[in-house]
Amino acid sequence: MEKQGDLVQGTLDMLVLKALVRGAKHGYAVAEWIHESSNDVLHVEEGALYPALHRLELRGLLSAEWGSSENNRRAKFYSLTAAGRKKLTEEAEYWRRMCGAIARVMQTA
Amino acid sequence: MRIWARVRALFRRRQLEKDLDEELAFHLAMREEKKRAAGVAAEEAKYAARRQFGNVTRIKEACREAWSFASLETTWRDLRYGARALAKNPGFTAVVVLATALGIGVNTGIFSVLNGVALKLLPVPSAEQIVSVDQIVHGKVRRDVHGEPGLFSYAEYKNYRANNHVFSGLLAYAPFLEATLGGENPKQLAGAEASCNFFHVLRERPALGRTFVEEDCRAAGARPVVVLSDALWRSQFGADPQIVGKDISLNRAKFTVIGVAAPGFRGIDPWPSEFWAPVAMQKALEPDANLLLEDYTGWLALLGRLQPGVSLKEVRADLAVIAGRIDQQYPGRTTTLAIHRATFMVRPEERRVVFGIGAVVLAAVGLVLLIACANVANLLLARASARQKEIAIRLSIGGSRWRIVRQLLTESLLIAFLGGTLGSMVALWSIEGIARFVLAHLPLVGPPLVWNVNPDLHVWGYSLALTAITGIVFGLVPALHATRQDLSTAVKGDGLGVIGRAASGGALRSTLVGVQIAVCMLLLIAAGLLMRGLFLAQTVDPGFEMKEITQAQFNLPSQGYNTEKAQAFQRELMASVDALPGVDEVEQAQVTPLSHAFLGTGMTPAGEVESRQFEFNAVSPGFFTMLGMPMVRGRTFTAAEAQSDAPVLVVTESTARKLWPGQDAIGKTLRGWEKKTYQVVGVVRDSQASHLGQTDGLFFYMPAGPKEQERQQLLVHSKGGDLATINGIREAARALDANLVVHVAKLEDNLEAWRVPSRIVAALSGVLGALALLLAAIGVHGVVSYGVSQRIREIGIRMTLGADGREVMSLLLRQAMRPVVIGAAIGIAGCAAVSQVLSKVLYGIGSHDPIAFVGVPVFLLGIALMASYIPARRATKVDPVVALRYE
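So the sequence lines, in the order shown, correspond to chains A and B. Just so we're aligned: 93 in my numbering is position 93 of the first sequence, and the numbers increase by one with no gaps anywhere. Just remember that my numbering sits 109 ahead of the position in the second sequence, which is counted from 1.
If we strip away everything but chain B, and leave its shape as in the complex, we get:
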């Protein structure tokens, strides 16, 4: 009602004014009449009435205020004034709006990616009710990990599901499952084993057929049924409308299709799932393990749907009770639970990586925005000094400082919103294309990610908040500075460029330039370090030979191979590959070098009590020769040792040094699983066969004996063309088993995956560095041009008095470069600190890379010098006569 009265009042302004005048006039007239009636003289009565009434103007103002949205109207007036001021000065407006747009656009774009990757809720109905549950198991208890450490065993899942009081449903699924779809061309699929309430809890309805019912999970192995993803149904089954009821083969087991998921549903992992099978069918899909019965193996991720009105705090309390009860069954075990609203990247390991990278990237784009802010602040400051007289007059006739600050702030907010809107629009419009472009140009390291970078409320909110903060940050300092002035000088000042004026705001402007340069230096050196890191990563010598070697990877256990079948397969495959033209060597390894697969185990050196964690690989005797890894001491395995699963090991040089410093490692023993003792027969030179850029830690090789044949991969050295060898290996494998998916590639390709992170980071930091450089150059240029224009008369006087162009130039440059040099020094110091951190996070970054630390500063100083030289040269070209008359 009140609001409406005011809104109406807005449109009836004139009428209200008239009414108010009339009402007050009536009062005065009545009072006057009364005074006259009491015998006061006419003239005197009028004044008396006025005296009694008070200050008419002020009272009118008070009445108007009651009617108006006073502050809103003031804001509106300020906005219009600001808009007019900006329109009058299009050059200035363009520069500040563009600088802001760049700063905010970059931030919004990056944030929308982070939001899409890590903050968005799952794409299922009422996703805000879905929470993820992860556990961290401490203590000395047997715990096997199948995937990630935060996962649950089937028994644990059933326990949480039966005993919680907070979920309307709790589902479990096994992420990281791969299976071979049988057929003409066997195809490797990513899928999930899911509890039978999976679709029910997620409230996902199938597009065809049905999803799971509890009967599908009643008994292990009983119901081989499968739900296909829409994408798989279309790509592999031609969108067959009769698909329900048909049989497909997954890892050589027959599954009956019962349904097709809705088109938008691609699972709840960052990569798309292509099928879902009941968790009870685990053994059929992974014949080498019976996970349903292994209470000590974590392999299931848990998601629950909250009952209405239940808070996360209640969930934590309720599940902690169950965790406590489980802990009692296993003495020595303590479990902590991590419970979060479910997003794509919610498991603790994923969160750590994503939030770590996110923090670094956001810090970097934040710095770019800071440069933009310093830039705009500087330009506003320059403009405010041009308006000094106007402001001084307003202040001296009693305008409140707050009122003027507020008006200047309104203007800067207007700039921020123009820039923010422009920047965010462009960023959000282009980010999806950019993300797709970047992903397409990365070497393929996995399935395409389910990224949805479309903006949502988070993104708009972030962008809006950032814009508002930006406007205040770059507006407040100039506004406060402009209104804190010596009135008498400013009012008297005739606006001429006198020497004294140059000092006004000069220190502040220099500081801002210094800040820009410092931040820019930081970004550029970091970018330089990253690019150098990338260069090093691409030229690094991993310590072994990769050229002319081809790798063939396959998963025999998942295809139902037992040890004997695997032995026969490996023997025949190696024989036929060996016979290929150009192939001169075929070796085996359980993991191929730098393939991002790692094997680990605990071993106890003789004479020690505690076991140590080792990485290891099982290889054939000729592995070391093929990869050019020479023996430093001792020998490689003999053929006899490899044939008999002999307990012998080859350790790396640094392992020998760490375990037996100053002693001969040959003949030393390690105690491993089942108390078996292994003897060291050789020491091999250190290499980076497991992690690029990192000499392998405690590492041993064991012979790829008959018992290990299920899990061996092939390494093939050939002199002929790579392509011929790759095709030859494929054909050979196909001839042996047409349904086996074999991944054949050059060993060198493994390097690519290691380079992806530094490549993304280097590209990103390169772009950000270029932006920062551009903004900083604009900033320096703007400040120097402003300084020149302010001091043109001084320059004229100097030149009239005999100074030549060179002296003036050197004076101007010296003054311009002082804050630049100081800022640069601070930036270098800051970066020395930051690079310590970076070198830990990213591969190949030396924290004191001379090229980055010398080259970048020289480059930046050069750019700054150029940015000041251009306007300074203009100053030396002025005609003294013109300069003296200037303004």
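If we strip away everything but chain A, and leave its shape as in the complex, we get:
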């Protein structure tokens, strides 16, 4: 079962959702997207991505479909569901407020 409120895991879930905003991707592409868009700052252990993907799929935030990749290999493609989109908006908002708050606290100190 997932651990609610785990910052790292919650963040990973959010990153995965964000990665899929522009359309369906397979796991490898999600990993690559996170590396690239974070300018290689976020170094997730790539394997950890998969339990997260499966969990999100089970929760109905993602849907999955087998298709063929750019180099014509069978790959599992994930895309956001409506619930996933909504969840992402909420998470992003929460994250924004959190970051703002932490930043303010750090400045006053």
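What the hints contain is simulated information worked out from the structure, not anything from laboratory work. Model, not experiment: these values are computed from the prediction. It is possible that some hints are incorrect.
Unchecked claim - Here are the computed lysine to aspartate or glutamate pairs in the DMTMM-like style, where the Cα-Cα straight-line distance is at most 20 Å:
id: 1; chain 1: B; residue 1: Lys-143; chain 2: A; residue 2: Glu-32
id: 2; chain 1: B; residue 1: Lys-144; chain 2: A; residue 2: Glu-57
id: 3; chain 1: A; residue 1: Lys-25; chain 2: B; residue 2: Asp-128
id: 4; chain 1: B; residue 1: Lys-143; chain 2: A; residue 2: Asp-40
id: 5; chain 1: B; residue 1: Lys-855; chain 2: B; residue 2: Asp-831
id: 6; chain 1: B; residue 1: Lys-155; chain 2: A; residue 2: Glu-57
id: 7; chain 1: B; residue 1: Lys-169; chain 2: B; residue 2: Glu-153
id: 8; chain 1: B; residue 1: Lys-144; chain 2: A; residue 2: Glu-45
id: 9; chain 1: B; residue 1: Lys-127; chain 2: A; residue 2: Glu-57
id: 10; chain 1: A; residue 1: Lys-25; chain 2: B; residue 2: Asp-130
id: 11; chain 1: B; residue 1: Lys-127; chain 2: A; residue 2: Glu-65
id: 12; chain 1: B; residue 1: Lys-144; chain 2: A; residue 2: Asp-40
id: 13; chain 1: B; residue 1: Lys-155; chain 2: A; residue 2: Glu-65
id: 14; chain 1: B; residue 1: Lys-143; chain 2: A; residue 2: Glu-36
id: 15; chain 1: B; residue 1: Lys-169; chain 2: A; residue 2: Glu-45
id: 16; chain 1: B; residue 1: Lys-363; chain 2: B; residue 2: Asp-349
id: 17; chain 1: B; residue 1: Lys-143; chain 2: A; residue 2: Glu-57
id: 18; chain 1: A; residue 1: Lys-25; chain 2: B; residue 2: Glu-131
id: 19; chain 1: A; residue 1: Lys-25; chain 2: B; residue 2: Glu-142
id: 20; chain 1: B; residue 1: Lys-144; chain 2: A; residue 2: Glu-36
Start from chain A and add chain B according to the hints.
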């Protein structure tokens, strides 16, 4: 959605595995390609991709966990494993399942009876909305009781009914009403006077005709109507479909039948009601009292149907306001209300008795279950040591202790559920038959009870909870013990029965044996005390003569007799009974000895201010001679005193001692009702004429004068056969009044009713004691056999070295008996404490009965010795050569 995805996943396991493999392989391949494209060597690229990915196995496991009901699947695996382990060992399984079944079955059966008697809601529609209201009146105000102290007067009922805001309807009825149904063979019926909303509030619809309407209760005595029970309609009126509109006679008053209740409805008391009449007809049914007008007499039980959404708390608050307002009308009075969801046994007096007995019985069956648990725990412990190596290996390769404990617990829960199901099934299937058998073999002490012991949710819930708790109780200790071990020794240990091993778990096993013996001892001694009590009760000398005496009981006032008519009836009846062959004496008493009827009043001894509570009886002058109760001082009443209602009394010896210690009681005076002064003319020897097993407390006899004739009963001494006398008395009464129901019986029969409680308890405790003994014997036997099998090699060595069978035997027995003796000592000590309590509750129990306290322990120790001797003897018979090679 999530659940469904998981359930689907359960059935697509293989496909999911394949998909997962493929998905991860794809990722690794892509990464590898990318590395190669960046110029990394092929071999190096593969490893780099893996490194970057992490531990594939662990990640797969994490993904699977996301998909599966991880804990459910683990449980399922544990269950299958446990089931296989149990199936492989059928002997062990049979013993533990049977022990559990016995323990849980007894508990479930007893609970279903208690549930049927005291916890089930009334058998009416939406019974959960019905609450009962009882009151306790404190303070120095006049309060007469007609039935039980918690009942209400008619005025109080009307007050609560008009002013409450919580009930959609509040009904009142008078329990304990009896009436004679007139006809060829007059018959005594149990019924109720009910408020006219009675059936409406209970939502009971009649099978025939109608039930009451408010007009039936408008004016006292106006509408003599009656609703019959289905059983009465069938038994007395041949299920006459034209019954509605016909007249019947109840206590010689004419009542018109307006309806027949539905077949399942037998009233709201533990005994079935056979008719219901409007409360306004009270005077017609009980001509000697006008209860509707007596504001100080409690005689009505109240039941209300809650308005939707109203809680018991709100009811209490709302009715307390009304009670407070009533209290203001009577200075010095305070009323407390008891409000509960209505069941058959809901009035405070009934609750106290039922819950008291229930607590004792549940404690006893709980102890039997405890023995069973200790037994099974011991066997599990023995088995766990046999599996020590397996467990040690699992622990040493990193299996978590919790995981293994959980698996062992799953196994014990499986045993508990097998046993619990078996036990509960058998118990619930047989309990109704057993209850009926027990009731049928009790001397008849009243109408048949409306018992419904059919299991309901309460019973199943209780049984389930008990089973789960049992499984955990007997599983947890062995499981924790088995997993707390020194790994290196256990793994290295080759499973041979070496001496050091005997110590492992030995202390725990001995403790468990000790507990079993202690609890068993407690139960057996208690059972022994109860049986001794029963024996004493049956052989007790109540202090007066009962042989060859017949009693005739009848209720003249209810049949409309006034004093003159009663005097004539009594005079003629006594004359014709006196003329019967064999009859040599006829006397009168208002209550016959030990008939469970008690008369009480307050009297003030001369020179004192406060009145004291006395029990009394009104008797004819020859009463004392007939019953063999000699006068210690003074004399009995003279015929002249009896004829003139003279204010004279005979007191008992202990009464005289208590009131006038060291003085002569003769000539002393007591002030009674209406300030009348009574003079003591005689002191009679103490007896147990009112309560068996208890010398009567403050007790006086007054002469059965002319004014008392309405309420007198007859006592007849005859030398001839009892049956002839009984029939003779019946005939004589019938000749005088064919419509009077006369109860004629041997006076000795009254003893039976006093013995019923101790008889039930003794039978129950005998059965429980036997069960406990059986379980404890199995326990001791099992532990000793296990010990022997574990130490067979040690025994072999000892015998090779020259020990003979006797030495080995005495060694084994000494070790086996040590926990037994300690447990026995604790059990005896515990029982000494418990018997103090028992002796207060049950008649005839001496708290230090030597036979129970010496005989039972000797018996139990004998059984334990035998249970250890049998396996120990096997040990001494082993061939040393075989023993050394054993395992």
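Comparing the hints with the structure gives:
Between Lys-143(B) and Glu-32(A), the direct Cα distance comes to roughly 11 Å. Compliance with the 20 Å bound is thereby established for this hinted pair. Note on Lys-144(B) and Glu-57(A): the hinted pairing is violated, with a Cα-Cα distance of about 29 Å set against a maximum of 20 Å. Between Lys-25(A) and Asp-128(B) the alpha-carbon distance is near 16 Å, which keeps this suggested pair within the 20 Å criterion. At roughly 16 Å between alpha-carbon atoms, Lys-143(B) and Asp-40(A) fall within 20 Å of each other, so this suggested pair holds.
Distance hint between Lys-855(B) and Asp-831(B) is fulfilled; the C-alpha atoms sit about 7 Å from each other, no more than 20 Å. Restraint check for Lys-155(B) and Glu-57(A): the C-alpha separation of about 29 Å exceeds 20 Å, so the hint is violated. Restraint check for Lys-169(B) and Glu-153(B): the C-alpha separation of about 23 Å exceeds 20 Å, so the hint is violated. Restraint check for Lys-144(B) and Glu-45(A): satisfied, since their Cα atoms lie roughly 16 Å apart, inside the 20 Å limit.
Our distance criterion of 20 Å between C-alpha atoms is met by Lys-127(B) and Glu-57(A), whose separation comes to about 17 Å. Restraint check for Lys-25(A) and Asp-130(B): satisfied, since their Cα atoms lie roughly 18 Å apart, inside the 20 Å limit. Between Lys-127(B) and Glu-65(A) the alpha-carbon distance is near 15 Å, which keeps this suggested pair within the 20 Å criterion. This hinted pair checks out: Lys-144(B) and Asp-40(A) have alpha carbons roughly 16 Å apart, not beyond 20 Å.
The suggested pairing of Lys-155(B) with Glu-65(A) is violated, with an alpha-carbon distance near 27 Å, which exceeds 20 Å. Taking the CA atoms of Lys-143(B) and Glu-36(A), the gap is near 14 Å; set against the 20 Å cutoff, the hint holds. Taking the CA atoms of Lys-169(B) and Glu-45(A), the gap is about 14 Å. The hint holds against a cut of 20 Å. Of the pairs offered as hints, the one joining Lys-363(B) and Asp-349(B) holds, with about 19 Å between alpha carbons and a cut-off of 20 Å not exceeded.
As the CA atoms of Lys-143(B) and Glu-57(A) are separated by approximately 27 Å, the hinted pair breaks the 20 Å bound. For the hint pairing Lys-25(A) with Glu-131(B), the CA-to-CA distance comes to about 16 Å; that is within 20 Å, so the pair holds. Between Lys-25(A) and Glu-142(B) the alpha-carbon distance is near 18 Å, which keeps this suggested pair within the 20 Å criterion. Distance hint between Lys-144(B) and Glu-36(A) is fulfilled; the C-alpha atoms sit about 15 Å from each other, no more than 20 Å.
When the structure is compared with the earlier hints, violations turn up for hints 2, 6, 7, 13 and 17 and for no others.
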